[in-house]
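Below are the chains, spelled out letter by letter.
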Amino acid sequence: GEDVEQSLFLSVREGDSSVINCTYTDSSSTYLYWYKQEPGAGLQLLTYIFSNMDMKQDQRLTVLLNKKDKHLSLRIADTQTGDSAIYFCADPGYSSASKIIFGSGTRLSIRP
Amino acid sequence: GAVVSQHPSRVICKSGTSVKIECRSLDFQATTMFWYRQFPKQSLMLMATSNEGSKATYEQGVEKDKFLINHASLTLSTLTVTSAHPEDSSFYICSARVGRVGTDTQYFGPGTRLTVL
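Residue numbers (the working numbering), protein chains in the order written: chain D, 1 to 112; chain F, 1001 to 1117.
Simulated from the structure, these hints should not be mistaken for lab results.
Any given hint might turn out to be false.
As a list, the in silico DSBU-like pairs of lysine-lysine whose alpha-carbon atoms are at most 30 Å apart [claimed, not checked]:
no., chain 1, residue 1, chain 2, residue 2
1, D, LYS36, F, LYS1020
2, F, LYS1041, D, LYS36
3, F, LYS1055, F, LYS1014
4, F, LYS1064, D, LYS99
5, F, LYS1041, D, LYS99
6, F, LYS1055, D, LYS99
7, D, LYS56, F, LYS1041
8, D, LYS67, D, LYS56
9, D, LYS99, D, LYS68
10, F, LYS1066, F, LYS1055
11, D, LYS99, F, LYS1066
12, F, LYS1041, D, LYS70
13, F, LYS1041, F, LYS1064
14, F, LYS1020, F, LYS1066
15, D, LYS67, F, LYS1041
16, D, LYS99, F, LYS1020
Based on the provided sequences and hints, a complete structural model is requested.
Dropping the structure here:
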């Protein structure tokens, strides 16, 4: 079946950039998501990128998509303590009938 | 963005009792809602897809008789954990799909933490 993989942990110093990586197997997806989950809370849609794009920038967030390598990354510039959370890469599949496949989540922790 | 609420946010119950969790789309109609379960430090596991006016579609390994889903209206889906046991303790999250041309986004509720004693 389709799969999405992420590293489990990332620790960065406050003010540095964070880069969270994800690989996926389904090449038919129209777009890919990044979700953020703060402790004890549900998932918040952070951003998404269409599969015909290779980069999307939204304020401090930059999403890079390498379709050839099926690699997706989320870069958070000037990382702040409020960015501490779990970040999920998600593949919604090809159609509205598809199930979202979530990665394992990357826990981002911020060092002072 | 669209808002999805869940109630209750936390529930503690005794083993053998049933617990109902509500998921509501507050400012939109959702023909399809999803129920997920999340174990500590793990990703979300899709339990079932809830379709308004029809039976839910359960994922393999999820007991239909234990996790009853009712999608009574376009804004409300309920998950009832019947005869709950400690192993059912988990974080349950619902989501609702909002379909627009070009994107098909799921918005998630804040989650319900169930503790079965």
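How the hints compare with the structure:
{"no.": "1", "hint": "LYS36/D with LYS1020/F", "in the structure": "holds (26 Å)"}
{"no.": "2", "hint": "LYS1041/F with LYS36/D", "in the structure": "holds (14 Å)"}
{"no.": "3", "hint": "LYS1055/F with LYS1014/F", "in the structure": "holds (28 Å)"}
{"no.": "4", "hint": "LYS1064/F with LYS99/D", "in the structure": "holds (18 Å)"}
{"no.": "5", "hint": "LYS1041/F with LYS99/D", "in the structure": "holds (21 Å)"}
{"no.": "6", "hint": "LYS1055/F with LYS99/D", "in the structure": "holds (17 Å)"}
{"no.": "7", "hint": "LYS56/D with LYS1041/F", "in the structure": "holds (29 Å)"}
{"no.": "8", "hint": "LYS67/D with LYS56/D", "in the structure": "holds (14 Å)"}
{"no.": "9", "hint": "LYS99/D with LYS68/D", "in the structure": "holds (23 Å)"}
{"no.": "10", "hint": "LYS1066/F with LYS1055/F", "in the structure": "holds (15 Å)"}
{"no.": "11", "hint": "LYS99/D with LYS1066/F", "in the structure": "holds (22 Å)"}
{"no.": "12", "hint": "LYS1041/F with LYS70/D", "in the structure": "holds (25 Å)"}
{"no.": "13", "hint": "LYS1041/F with LYS1064/F", "in the structure": "holds (25 Å)"}
{"no.": "14", "hint": "LYS1020/F with LYS1066/F", "in the structure": "holds (12 Å)"}
{"no.": "15", "hint": "LYS67/D with LYS1041/F", "in the structure": "holds (29 Å)"}
{"no.": "16", "hint": "LYS99/D with LYS1020/F", "in the structure": "holds (24 Å)"}
In summary, the structure agrees with every hint in the numbered list given earlier.
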